[in-house]
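Peer 1: If you read the sequences in order, they're chains W and V.
Be aware that the first sequence starts at 5, since it is given in this note's numbering, and climbs by one per residue.
Be aware that the second sequence starts at 22, since it is given in this note's numbering, and climbs by one per residue.
Do not take every clue at face value.
As the list claims (entries may be wrong) - Chain W regions said to be covered by chain V (calculated; three or more residues, Cβ under 8 Å):
| id | segment |
| --- | --- |
| 1 | 25-34 |
| 2 | 46-54 |
| 3 | 64-75 |
| 4 | 141-149 |
Unchecked claim - Calculated pairs, DSS-like style, for lysine-lysine (alpha carbon to alpha carbon, straight line, at most 27 Å):
| id | chain 1 | residue 1 | chain 2 | residue 2 |
| --- | --- | --- | --- | --- |
| 5 | V | K118 | W | K144 |
| 6 | W | K193 | V | K68 |
| 7 | W | K155 | W | K106 |
| 8 | W | K193 | V | K82 |
| 9 | V | K28 | W | K196 |
| 10 | V | K66 | W | K37 |
| 11 | W | K181 | V | K68 |
| 12 | W | K196 | V | K82 |
| 13 | V | K125 | W | K142 |
| 14 | V | K66 | W | K151 |
| 15 | V | K28 | V | K82 |
| 16 | W | K196 | V | K66 |
| 17 | W | K37 | W | K106 |
Derived by calculation from the structure, the hints in this document are not laboratory data.
Computed from a predicted structure; not experimentally measured.
Each residue gets a CB set at the ideal place from its N, CA and C atoms; glycine is no exception.
The residues making up each chain are set out below.
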Amino acid sequence: MNRNSMLLEPKRVPSVCQEEIMAMQRCRRGSRKAFELFVNRYMKDAYFIALGLVGNREDAMDLSQEAFIRAYRHIKHVKPGRSFFPWFYQILKNLCVSHLRKRRYRQASSLDADNSPEAAAAEDCFSPDVVAGRNEVKDKVWQAIGKLDDKHREVIILRHFQNMSYEQIAGALFCNKGTVTSRLYYARKRLKELLGTEKGGGTSDMQ
Amino acid sequence: MTCNDYKDLLMGYLDNELSDEQRQRFEEHLAGCPECASELEEFRKLKTITDEVTLVEPEDKMWQEYWDGIYNRIERSVGWIVFSVAAILLIIYGGFKMIEELIKDPTVGMILKVGLLALIVGLAILFVSVLRERLYFWQRDRYKNVRR
């Protein structure tokens, strides 16, 4: 398969450090101590990525922990020599995306019930209180990020908040650098549009 | 090449991800294309304001308790599985004992016995049906498709 052959190219796969390979082996044999190493190494990334994807602290905390639990349960099936993070990232992302889907569904049904835009605003979970050193511009940017499509928000989060290189993002998304570049382009373009139209407080761009 | 072909280079240029050769090629294009130059400027502004957004770092206490939270949840889920299996076994055992006694009891009417048997058969069918459905979904679990 095309995607697989790309993965086999050594250039695109970040080298897995020896320590992680050893820890993965021990995890596969059921060592919780070894798994703790991965949790301690990646908990901040997991939390902040989840926060970027779902927008609020409690959910980010819960989902990132849940992702580690699922990783722990499934780690024996990971092929030897594979690195932990891209695999873990898929679990985390799937959890966050299905959480968002449920939330949007709830939001839509509550909207049907009372038909008030205020309810939608209250339900909007990209609240700016997680932004450090808040000001008007930062609040707007954060809220615009919350309105991006999932796959666009994802690249923005990985690039801007996680400071990942194109190569690292491509590794986590199992795609090539070209795809990362073009997604970033469209994500930023959309972000620009949102920030441009947001001045009047428009709400037409939820989708 | 049209401006459209430079879109990828535009992002790479912005994020410092280009090779020297690519950068040079893009800069040459920029010099002769005011549209791309103004687009780059807009994207640069956007990048600056986006980079300024950082998220609040939770207190250290939260990180210290993070692993404990995970460990407890793993342990608890094991506890739940053991508890559920034991509860199911006990209920089945108790049920069988009770039914056995009812059926052996000559004072209990025939209709009640037949009704009871039908009830058990019905329950068994329901159980098998649900189990099969769960198995079906489990086999198509999306985590099975997660690349490993």
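Peer 1: Hint by hint, which ones does this structure get wrong, listed from lowest number up?
Peer 2: Hints 1, 5, 8, 10, 12, 13, 15, 17 not satisfied by this model.
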